[in-house]
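Novice: Given next are the chains, with one letter for each unit.
Number of protein chains: 4
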Amino acid sequence: MAKIKVAVLGATGMIGQRFVQLLEDHPYFEIGGLYASERSEGKTLNEVLKVKDVRFQQRTLGVKIEQLDVKAISKRCRAAFSGLPTEVAKDAESSLAAAGVAVFSNAASHRMREDVPLLIPEVNPDHLELVRSQPTFSSGGFIVTNANCSTTGLAVPLQAIYQKFGLKACYVSTYQALSGAGYPGVPSMDILGNVVPFIRGEEEKMEAEIYKMLGTLEDGKVRLADFDMIASCARVPVVDGHLESVVLKLGKEAPAKDVIKTLEEFRPEPQRLKLPLAPIHPIIVRQEENRPQPATDALAGEPERARGMAVSVGRVRESKGYIKLWLLSHNTLRGGAGGSVLNAELAVARKLL
Amino acid sequence: MAKIKVAVLGATGMIGQRFVQLLEDHPYFEIGGLYASERSEGKTLNEVLKVKDVRFQQRTLGVKIEQLDVKAISKRCRAAFSGLPTEVAKDAESSLAAAGVAVFSNAASHRMREDVPLLIPEVNPDHLELVRSQPTFSSGGFIVTNANCSTTGLAVPLQAIYQKFGLKACYVSTYQALSGAGYPGVPSMDILGNVVPFIRGEEEKMEAEIYKMLGTLEDGKVRLADFDMIASCARVPVVDGHLESVVLKLGKEAPAKDVIKTLEEFRPEPQRLKLPLAPIHPIIVRQEENRPQPATDALAGEPERARGMAVSVGRVRESKGYIKLWLLSHNTLRGGAGGSVLNAELAVARKLL
Amino acid sequence: MAKIKVAVLGATGMIGQRFVQLLEDHPYFEIGGLYASERSEGKTLNEVLKVKDVRFQQRTLGVKIEQLDVKAISKRCRAAFSGLPTEVAKDAESSLAAAGVAVFSNAASHRMREDVPLLIPEVNPDHLELVRSQPTFSSGGFIVTNANCSTTGLAVPLQAIYQKFGLKACYVSTYQALSGAGYPGVPSMDILGNVVPFIRGEEEKMEAEIYKMLGTLEDGKVRLADFDMIASCARVPVVDGHLESVVLKLGKEAPAKDVIKTLEEFRPEPQRLKLPLAPIHPIIVRQEENRPQPATDALAGEPERARGMAVSVGRVRESKGYIKLWLLSHNTLRGGAGGSVLNAELAVARKLL
Amino acid sequence: MAKIKVAVLGATGMIGQRFVQLLEDHPYFEIGGLYASERSEGKTLNEVLKVKDVRFQQRTLGVKIEQLDVKAISKRCRAAFSGLPTEVAKDAESSLAAAGVAVFSNAASHRMREDVPLLIPEVNPDHLELVRSQPTFSSGGFIVTNANCSTTGLAVPLQAIYQKFGLKACYVSTYQALSGAGYPGVPSMDILGNVVPFIRGEEEKMEAEIYKMLGTLEDGKVRLADFDMIASCARVPVVDGHLESVVLKLGKEAPAKDVIKTLEEFRPEPQRLKLPLAPIHPIIVRQEENRPQPATDALAGEPERARGMAVSVGRVRESKGYIKLWLLSHNTLRGGAGGSVLNAELAVARKLL
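Protein chains in written order, with the numbering used here: chain A, 2 to 354; chain B, 2 to 354; chain C, 2 to 354; chain D, 2 to 354.
Simulated from the structure, these hints should not be mistaken for laboratory data.
Treat the hints with care, since some could be wrong.
Where chains are identical, the list cannot tell them apart; a pair therefore holds if satisfied intra-copy or between any two copies.
Straight-line C-alpha distance at most 16 Å; calculated EDC-like pairs for lysine to aspartate or glutamate [said to hold, decoys possible]:
no.	residue 1	residue 2
1	K250	D229
2	K76	E303
3	K321	E205
4	K275	E254
5	K253	E67
6	K6	D229
7	K222	D116
As the structure is a prediction and not an experimental result, all values here were calculated from the model.
Excised from the complex, chain A in its bound form:
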């Protein structure tokens, strides 16, 4: 099978460079071009490198950044992965879809649009069908978005639990990594030896997106899920990996061991389809008393290609009729670029690409 040519938009940023990492030697996709704002035009990836723990191939490091040009991209690429900043993403992604390009976006701009799937293949694969109602679909162009990074890590185990036990309420407090703020992002003076209990727009996103993702597709529309979702978000001095403290009031009460079993046995569609970036175990339940931790678990996931794509859950315990647990996911892989690439892999499996 010939590989599908794809563009990476926002290639100078944190998420953009994670896209590049994941697309090097991808079995379905091949990078057709790296695009960013005018400022970086003509520079090589190597000159604008921001993600530090990634080893890019020599040939990739030399690729030149081009200026974002809808016509040029649509001629060269069937699909585009967007790591654009929200304010730029809205128009650029719409234009690309109009020009017949399938856009897999990490930006928030189109997430809550009725006809745009807010997609996590482990959570709501059927929502992908929404693209068929997008006005540009007939030309081959459409937009699929992934969720906010902190919502993604939560949505995977929450869906497993929600399907099995129902949910009355979910109270979550986050411990979010610095890479989630992009680059330069958080000034070091603000966060070294400190915690900042505020991330602009984050709580609102978490409280809105989860209802859409856990919603069901009925008559071509998403019927929102219904429970109390209460989020509080903070930034901590950690490079990668969003940790979340979760308290759940289940629809029907259940002991912690039943919840653990449900999480461990969760095998949704991407795992059944064996999509390249789907980790064998989408949820890894830790038995240790003090896990998951960003330093040890951010890169959880097998095989090698799927490192950083598993969600780690630990300390599942009950208290006064509630279930408490901690979860951790890699915010720029599972909750960022990796999510969008997995979305595109599902689109390939469903013959949309």
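Here the structure of chain A is known, so what remains is to put chains B, C and D in place on it, guided by the hints.
Specialist: Positioned in the frame of chain A, the structure of chains B, C and D alone reads:
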């Protein structure tokens, strides 16, 4: 008025040295001796110094640590402040009380004893009366404990809210500082650029202590408060200051602004009595969108003597019928040594010392 | 004595706010206005606050930032303290001097000008006389600069040693704090759990400035000092306090104990004059095997007003004919705003203000 | 070729676990047993895991730790890799050598013994011959040590320079990682947001070991190198990777570009022999203005197996007749377990195993 001679137990530790700091030039108390385990006997405070941001007076730095000897202490001191490790504290504190010494303890050993007040003067000053039912009381000896550091910061604003609006549930996730683990405490390899979502015994303490503290004294016994208290505790790479994310279901629903007003107008007994360590404002409500933070607010409190004794609250907001807020308190001052000294000040005001 | 009205330039920055801190209730000076670029015009100090560990007085917090206007400043203020960024400082400071204002600057722009003193009162008080040869001097306007922050901490003990033993070579490697880069300064992603072995222009400044400061005034000109000065500079994840590893080849070999004695007995002019910001001991020699450290020693200096103005030196030892030592100084106090205020105090003592 | 059975001593520690990581699927060696003190006897590797960024194979994780027993080891294993603490290593290693086991040690105990090679295959491969003069050699037992972690990173580029240009003096200041102190090692309260300018015994080791390693073998003895080696050592809040600031006075002056060329062209014996752990480029010279950095360069080295075995050098520049440069090496791989395994590989190549 002649000053009351007091002993500091566990003077080589984090809490012990905070006791020393607070007792230098205290208007009611005077250090009669510094005591610790055999290992440190004969060393000066200067040689065993662990708290780094404190400036001790030259004369104090030269004071020699003595071995803990109940008889010697009871001869010399009317009261003792205990920063002993839990395993040592139980027997040592009991023996001292039996020997007629008033013990103000930071250790957990006696906290849940029916006749021991788990005291925060801003929260439950009347509980101090419990000491009268202790078997050693007639000899002048008794035990008063302060609460666990993370419970203390929570209890102050919670009491203000509970009294006014009632409470159905309190969901709290903590972001706790390193000094809470004592010294050497948390190995740097475990916490640098990381978060550890586990602190042994901490969630259990928070979930148990709060009911006793917010309970009412009826017929000489504490009648426990009744609401859902659900705690999840984590350690973050911060030196001082426990931050807590709090979600409340009030007894009767109220808008955020009423909660803010209630917190700002809270003027409990220690403030009315103008106790030396009582901060003018026991709760400081921040208006900024991103406060309180450990780096800026751990040492909140006026006047100078009461620095670190105020609890900072911020981002009080409502969502779907819940109140969300963040709070911060200094764990070894407000939640440690400062709490015990304030307890002793209340005991003086109530003529128990 | 009526207080001298002074302007603070660059009041929204790290250094500017340290100026404000040091000028609150200063015995000689009184703040006449806070000035910054257009962007901050009309905001209060409170709204632009960047220095987090400082407690400003309520009245100061409400002062409004004004736009930098030479005419207005010269009418209102006799002197100005400049924390302006280098690119702005050059012209602004020249204009102010031309308008008759005495400028005490933390910027690098004029440091190497032949007729501008690069002044540390403990090191080269006589250099202040250079201002008399500035073209604007007759109108009362002149410029005095302090040294680069890392050079300052070095220059004080180095001068004590140089005067006594002479110097053949000084090899220094720095461990510099984040506040030295201003705000937002270093992105957290770049420095958390990391060290960056490069600070633009820093090594060049250290290698140039030290010769001028340790030089002697001959016929109204500075004759540069002459030895091998070799500097390597790195940024470390520390908030305040530049630590430096120093190796010295003395002019005449001497044992470590003689060097220690020389450092301890150093009592230069500001101490003899008892200038308000001059610490009683300009150099504090630590005896511990592991000091000085930023966490414990950045704020060294007595009395209270002079906290952060002393240079701490430790581990003075000899090896193969060299003297090795570590030194630490507060980069935005001793090496920043405090240095300039002390310069102005010397100017008052010498009747130049 | 049948693999050689090897023991790992001190398998519960930081270095021990790096040995295990490097020996999984090693082409020459096979783990015959994991050994540690009594305390850990019977626990699995998984239960005592300290190195967090390493992925061990499932089968290895289940291996049980045995108590160190010379007889049992000598029966089962031809060689042993020792990550024992210095105080235990001395006798244990001697006994093993006496029992016919070839010991490759990371401990300091035997490093300066006249008949023990202090070996870095890139630096002084010929010193391996010293083992022939050890009293136990006839029985097959001998001891080979690697150097102190901070000395190792320095020795590789220094040897390249020394051989080409000679050396009059080397002034080095270190920025050392936490993993160098083992586990639990440095308390977090001591190092978060701080630098500690003292590591016990480290400067003495660096100043002594470098002369032996750069020395030449003459008549079966090492003739020490001769130049001024001056070291100052500090601990910084970094997990892995020792950074060093180096100033050199060459034997014959040379421009920076010649030094760079010499470093880049350095191809010593392990690279010529293509030993498994020998990185293709033993020294990687970075062109960027701000490298090497621990976060980006600690794991330098190709191929995959040799990650963490290359020494990165950057900012090679000249000033006043000196050469300045920064270097970085992974302290528990290149400067620890990896060094010893490479030593053993050289021993195989030279038919000593």
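Novice: Could you run down the list of hints and mark each one as holding or not?
Specialist: Status of each hint after checking the structure:
{"no.": "1", "hint": "K250 to D229", "result": "both (9 Å within a copy, 12 Å between copies)"}
{"no.": "2", "hint": "K76 to E303", "result": "neither (36 Å within a copy, 38 Å between copies)"}
{"no.": "3", "hint": "K321 to E205", "result": "between (28 Å within a copy, 12 Å between copies)"}
{"no.": "4", "hint": "K275 to E254", "result": "neither (33 Å within a copy, 49 Å between copies)"}
{"no.": "5", "hint": "K253 to E67", "result": "neither (54 Å within a copy, 48 Å between copies)"}
{"no.": "6", "hint": "K6 to D229", "result": "neither (42 Å within a copy, 55 Å between copies)"}
{"no.": "7", "hint": "K222 to D116", "result": "within (8 Å within a copy, 62 Å between copies)"}
When held up to the earlier numbered hints, the structure conflicts with 2, 4, 5, 6 and fits the remainder.
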